[in-house]
Structure formats: C-alpha cells, structure tokens
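Novice: Letter by letter, the chains look like this.
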Amino acid sequence: MDLILEAFQQPWAQRALLASVLVGLSCGLLSSLIVLRNMSLIGDALSHSVLPGIVIAFILLGYSALGFFIGAVIAGLLTAVGIILIQEYFATKTDASVGIVFTTMFAIGVIGISRISDREDTMIDLEDFLFGDLWSVNNTDLILTLVVCVLTFVGIVTFYRPLLITTFQPIVADTVGISSIKMKYFLLILLTLTVVAALKVVGVILVVSMLITPAATALLLSNNLKRVMLISSIVGAVSAVLGFMVAIYLDIAPGPSMTVTVASIYFLAGLAAPKKGLIQKTLAKRRSLHQIQQEDILKNLYKHLNKGKTVSLNQFAIEGIKPTRLKKHILRLIRHKLIREKNGLLELTNDGSHLASKLVRAHRLWESYLADKMGLTESQIHADAEILEHHLTDDILDEVEQSLGFPDKDPHGSPIPLKATAPAYSIKHMQPGESAVISNNQVSEHIVAELWNRKLSPGITFEVEAIKDGNYIIRTPSEKVTLLPRLARMIRVETIGEAYADK
Amino acid sequence: MASLELQVEDLSVHLGSKRVLSNLYFNVTDSMLVGILGPNGAGKSTLLKAILGLIDSATGAVTINGQSIDQFRSRIAYIPQKDQVDWTFPATVFDVVYMGRFPHKRIWQRMNSIDKELVNEAMSQMNIEHLQDRQIGELSGGQQQRVFLARALCQKADLFFLDEPFVGVDIITEQKTIETLQLLAQQGKIIMVVHHDLSTVSSYFDQVMLINHRLVSYGDVEDAFTSESIGATFGGQPTILQKAGLLR
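For the protein sequence lines, the chains are A and B, in the order given.
Residue numbering for the first sequence follows the numbering used here, beginning at 1 and increasing consecutively.
Residue numbering for the second sequence follows the numbering used here, beginning at 1001 and increasing consecutively.
Just so you know, not all the hints are guaranteed correct.
Here are the simulated DSBU-like cross-link-like pairs (lysine-lysine), alpha carbons at most 35 Å apart as the crow flies [claimed, not checked]:
1) B:Lys1105 <-> A:Lys373
2) B:Lys1116 <-> A:Lys276
3) B:Lys1049 <-> A:Lys184
4) A:Lys480 <-> B:Lys1018
5) A:Lys182 <-> B:Lys1116
6) A:Lys455 <-> A:Lys373
7) A:Lys307 <-> A:Lys184
8) A:Lys419 <-> B:Lys1082
9) A:Lys276 <-> A:Lys307
10) A:Lys409 <-> B:Lys1049
11) B:Lys1176 <-> A:Lys276
12) B:Lys1049 <-> A:Lys226
13) A:Lys303 <-> A:Lys337
14) B:Lys1018 <-> A:Lys275
15) B:Lys1176 <-> A:Lys455
16) A:Lys373 <-> B:Lys1018
17) A:Lys307 <-> A:Lys337
Read the hints as simulated data drawn from the structure, not as lab findings.
Whenever a hint applies, use it, and build me the whole structure from the sequences.
Specialist: Quick look at the structure:
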C-alpha cells in the first residue's frame, strides 16, 4: 500500500492515473453503443490500423505527441472509409473487409517501425504501441485525452436520440428521416478518437477489451440504455484505477493489468448480477421447481378433499416428490397459511383452496383447449397440461375460456372450477321475470368481448325471460339472447337501483 | 386534414440478377386501409421497403402529393416484422413509444410535457400503460406489437406501413389493432398492411393489393379480391380459394 501511496506523489504517476481514468470513462461510455451495434471488431481494427499514421508523423515531425495523435486519427478515419468503400464496391462481407483492411494497415505500420528503429537516434519502439506506454504520458497526451473524453461525452449526450434509434432500428430511423449512415460515421469518428487516446494507456492489442467488456458488464446489470452507459463508464474508470494500482504494486505493465481487472469485474457480474446473473438464475430455477411442487401438493389435496377423502400428514404421497421434501413443503405451506393441520388431518385454508382451484381450472381448461383446438386425444393431453398449469396467467386462461365458449367440463368429464374472481351478483343469480343492468365493470376484457359479440353492451337493461335446460334466455329492448350457464355466471350485473345510483 | 395521395410509378427491384418486383404502377388515396397479399417470397415486404426508399437498387418513382417522399418522412410510420427486432435491447416500453417523437424534435430539444402526454396517450390507447417500465423482451407477442403501434400513434403519422402485424399476436391484440387502423383510415390516413390471412381480408380492409412479383390486382375489396385474381396470384391452389371463402 505504501508503495502505491508513494507512487501517487510522483507527477508522472499522477498524469498516468488521470489519463487512465479519462480513457476508462470514454471507452466505457462509447462501448455501450459499440457492443449493441456489433461494432467491436471495428474498434479492434481501428486500433491496429493507426500505426502507419504514427510512423509517417514520426518521419515528418519527429517525436511529437500531437503529431502522433493527428497521424493516428487520420489513419483511423482512412481505415473506416476504406472498410465502407470495400463493402460497397467489392462484393465482400463486412467482417472479411474489416479483416483485410486492418491487417494490411497494421503490417504497413510494423514494416515502417522496423525500418525507422534501425536508426540509432530513434525513441520509437513497437512494443510501446502494442502494449501501451503509460509511464511516459506527458502533458500534451493528457490534454489530448481530456479533449477526446469531453468530445465523446458531449457528442453522445447531444446526439443521444438519433444514436438510440439508429442503433435500435436503423431502417425505422431512415424511414422517419433520421439518417443511420450519418450516425454511423459520427460514431466511427468518436471511436477513432477514443482508440487513439487509449493507445498510450492500454496499447493497440488490448484497447478492444476496454471497448467491449465495460458494456458487456453493464448490459448484465441494467435494461435501460442510459443506465447501461452510466454503469459502463463507471466500470471503465474503476477498472482503470484498480488496474493501475495493481500494476504499480506488482510492478507489471498497466495495460494488461487493466484488461484483467475489467474482465474480473465482468465475471463477477456474470455470476452475481441481480437478475441475469448465473447464481440468481440457478436459484430462481430451484425456487420455481419448489413452487411447482408446492402447487402440486395443494392441487392433490384439493382433489382428495373434494372426493370426500381424508388426508393425514404421514400417509400423503405424491409421485415425483421425495417424502422428506414433501414434508418440508407441507410445513412451509402450513406456515404460509395455505394448509392447516387438525387432529393429524390436512385441510386447505380459504387461500389454499382458491389457489388450488385456480390450478385445477388452468389444468382442465388447457386440456380442453388441446383436445378441442389441437385435436389431441384424451391420453395425450394430461402431461402437457400438468406442466403448463403452473405457468398460465389469468389473462391467457380467460382467453382460452372464451375461445372454448365457456365449457363446464373438461374432456375427461371433470368440472372446470370457476375463476376465483367470479362476480358476486351475476345473471345466474336472477330469476325469470327479474330485470337488471349489465355492469360496466366486468371481470375481464374477454367477457366484454363476448358481450359485444351478442350485442349486449355494458349499461344495457335486460330481463330474464326464462331458464331452459340451464341456459338463460334474456331480452333486451332490441335483442333476445340465449346464454350458456357458465357465461351467465361470469357476467356481472347490477340492480336497476344500483346502476341508477352510479349515475 | 388536406388530402393525401401516394403515387407509385414503374417501381422495380432487382436483387442481383433476380427480379423481385417488376414495373408496379398504382396510386393510393387517403382514408384507405389497404391489405397487401401474395404467396411467400412474392415481394410483399420488399414492396413496403421500396416505397419507403430503403432499398438502394429500387428504380421508379414514389411520390406523395407529387412531392418527394423525403418531404414527408416525419409523418411516415413503419412497423417492420417482429423477427427483425432485437428484443434484448436495453429499452423499456416507454423508451420505444417515445421514439415516435424523435422525428419531430430538434437535436437540442429535451423531452417536454407535451411529449410525455402524447406518449401516455398512445400507451393508454393501446392498453400498455401498466407495462411502461418493462424491458421490451419481457412482453408477450401481442403486447410487443401494441408497443410498436403505440409508437406510430405517438408519432402522429399520416402514412402507416405495417409488415405482418398479426403474426404471433393474441386475438384481442389483433382486434384492437384492426379497430385502431380502421379508425385511423376514417381520419384520412393512408395505411398499407402486409397480410397473409385470406379469410379476414374482406372484414379488415377497404382495398386489397395482390402481388406476385408484379401487381396482379388492386382496388376495392369487392372488385379486386375475386376468385380469378386470387387464382392468378396464388397459382389457383383450391385450398387457398377455400380459405378465402370464394370456393365452396
């Protein structure tokens, strides 16, 4: 630790640290867009192809930080244009054309460097460009890096909207008049500047790690682009600082140290991210397996009890669940007040029986759906329904029920339980000769859709004319409609007095 | 709203040596909901893209009220097929609907209360307000489709181009979508929909356009959607005709 603190007193170390943080920030910020656009290979290509620019600048101007910067930027931009032109005029695929251009540029650069470093007075070394030369950062380098960082930030903030839409759906952006190609060029310019600024810090070969890993990490942690950009910049800056400290402590090159640091942060996020992390996913899978088992217990109990059987804790067994696990689940269900134990016998509480009837409803509706709409036979449908009953939402079930025409029984002839939120007062509660108003507040969109199909708009007054074979025949001022008992049970009505009071 | 006319003259598209669309001529006037139908690979999606100027190799002229389509870009909404969308993209429902405002905003303008109101209005019209903070990949197929329709509404567009909007959506979304499109047509918009279900053509659309690399027929549904024209488009397979309810 003393070693690090001591180093921080030195001006060269302060400059190096500041440059690392600035590079970490701008690479991190830019990397979100680069990764989302699958442009990481281009970032790699640009970093390799700046070499000839630096060599030419050295030949023309000698050792000059500003000269190197300008030479590198020009070489980078020429590469970007070269790649796009090759794609357009030669029939070569994107990654192939990128590969051809950048390896050629890099090779020319290497040839140039080996030629000039034959001269005795040269201070230019290939290794510095490959792996960075952080300890020699001077004030000019620092100012250039700061300018690039500010430009990147201002550029992305200013053009946030066009960058967002052209990244998400370029053809839609072009349709509404936001040019995706202009935004692509804009991003290539920012990318070139950033890559060149990063050369001294991490070097040609490893700069791509700072352009990919921070965003890959951030994308594991958030679902909102602005937040992804923020997290990604922070990850970039933090790994620059940590990598820097490790480099001083272990006396190693700072570029590789930063690369390993940012990769470690990424792996940590991959394991422990709150929603998309591996640990969380594994736990969630386990939880969902346990929930399914507990739901199966409730359902089994519900079926047994409905047949008038008694069930004791010790005799209860379910295929596919180990007895010890079963006991644990039952104790948990008792704690959650879904089951209670009375004199050694198991009973369902009100909540437990609601939940169980919902599952049975899901199971039997889905079986009916498979039999009716898919033409499967009775023996084929059970296994599928057994799995899906745990995953079907109320909304899907309402839709299934509507498309089946509100059946009473499943293909095996067992009754399908009603939805738990069935209305307290429905047409089925009315006697012939009574009148009421169809409520504006129905239990689901699907009931409303059924009502419209029968020209029974909410708010309309009707009279129950007769009940025939369980079907309800009702009369409105203009229509006479026959309703199946199950649908009648689901239509919420209000007495004329209530409906009037509402208005 | 002033009257609107989409004019397409001699539109052709070649991809390599293959002719995808040949010499299409047609005019679509406002207040029309047009269904575009044809066999697989007949060039339906390509037609939409070519009209929108998204295909470089397209030749011919597409104008709106005699002017270049570029004059109207901010008033054109395009909903591509669902499989063309990156559903893992870090964007919420609100973010995507708000994109409908982008063409109307200058670079330096920030989101204001009018934008917010329009976004909320569009979301509530498509019944997705409660989902506004969800990432778009966490939605059902129908909800996803409603998000993109909400974006088009929020854009206050005059011309709508939809590519297979009913694929992989639930029945309620399909009804809601077609109701919304019919309403927009009544308000004087031009709406073109690539569609594949022959059985719903007459109840959904005002006009139908049958395509098989060339324009086979176009006009009001009663005139253009006949057993002869469907036969000419689809190669006269009897099952297709049966589906359309034209052969008993």
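Novice: Would you mind marking each hint as holding or not holding in the structure?
Specialist: Verification of the hints:
1. For the given pair, lysine 1105 of chain B sits about 49 Å from lysine 373 of chain A by alpha-carbon distance, which is inconsistent with the 35 Å threshold.
2. As the CA atoms of lysine 1116 of chain B and lysine 276 of chain A are separated by approximately 30 Å, the hinted pair is consistent with the 35 Å bound.
3. A threshold of 35 Å between alpha carbons decides the hint, and for lysine 1049 of chain B with lysine 184 of chain A the separation of about 21 Å falls inside it, so the pair holds.
4. A distance of roughly 60 Å separates the Cα atoms of lysine 480 of chain A and lysine 1018 of chain B; the hinted pair therefore is violated under the 35 Å criterion.
5. Taking the CA atoms of lysine 182 of chain A and lysine 1116 of chain B, the gap is near 28 Å; set against the 35 Å cutoff, the hint holds.
6. With a C-alpha separation of about 26 Å, the suggested pair lysine 455 of chain A and lysine 373 of chain A falls inside the 35 Å cut-off, and the hint holds.
7. At roughly 68 Å between alpha-carbon atoms, lysine 307 of chain A and lysine 184 of chain A are farther apart than 35 Å, so this suggested pair is violated.
8. Restraint check for lysine 419 of chain A and lysine 1082 of chain B: satisfied, since their Cα atoms lie roughly 33 Å apart, inside the 35 Å limit.
9. About 44 Å separates the Cα atoms of lysine 276 of chain A and lysine 307 of chain A, which puts this hinted pair outside 35 Å; it is violated.
10. For the suggested pair lysine 409 of chain A and lysine 1049 of chain B, the alpha carbons sit about 50 Å apart, so the restraint of at most 35 Å is broken.
11. Pair hint lysine 1176 of chain B plus lysine 276 of chain A holds up; C-alpha atoms about 33 Å apart against a cutoff of 35 Å.
12. Among the hinted pairs, lysine 1049 of chain B with lysine 226 of chain A is consistent with the structure: their alpha-carbon atoms are about 31 Å apart, no more than 35 Å.
13. About 19 Å separates the Cα atoms of lysine 303 of chain A and lysine 337 of chain A, which keeps this hinted pair within 35 Å; it holds.
14. Only pairs whose Cα atoms come within 35 Å are accepted, and lysine 1018 of chain B paired with lysine 275 of chain A is rejected, the gap being roughly 47 Å.
15. The straight-line distance between the Cα atoms of lysine 1176 of chain B and lysine 455 of chain A is roughly 18 Å, inside the 35 Å bound, and the hint therefore holds.
16. The straight-line distance between the Cα atoms of lysine 373 of chain A and lysine 1018 of chain B is roughly 41 Å, outside the 35 Å bound, and the hint therefore fails.
17. With a C-alpha separation of about 22 Å, the suggested pairing of lysine 307 of chain A with lysine 337 of chain A holds against the 35 Å cut-off.
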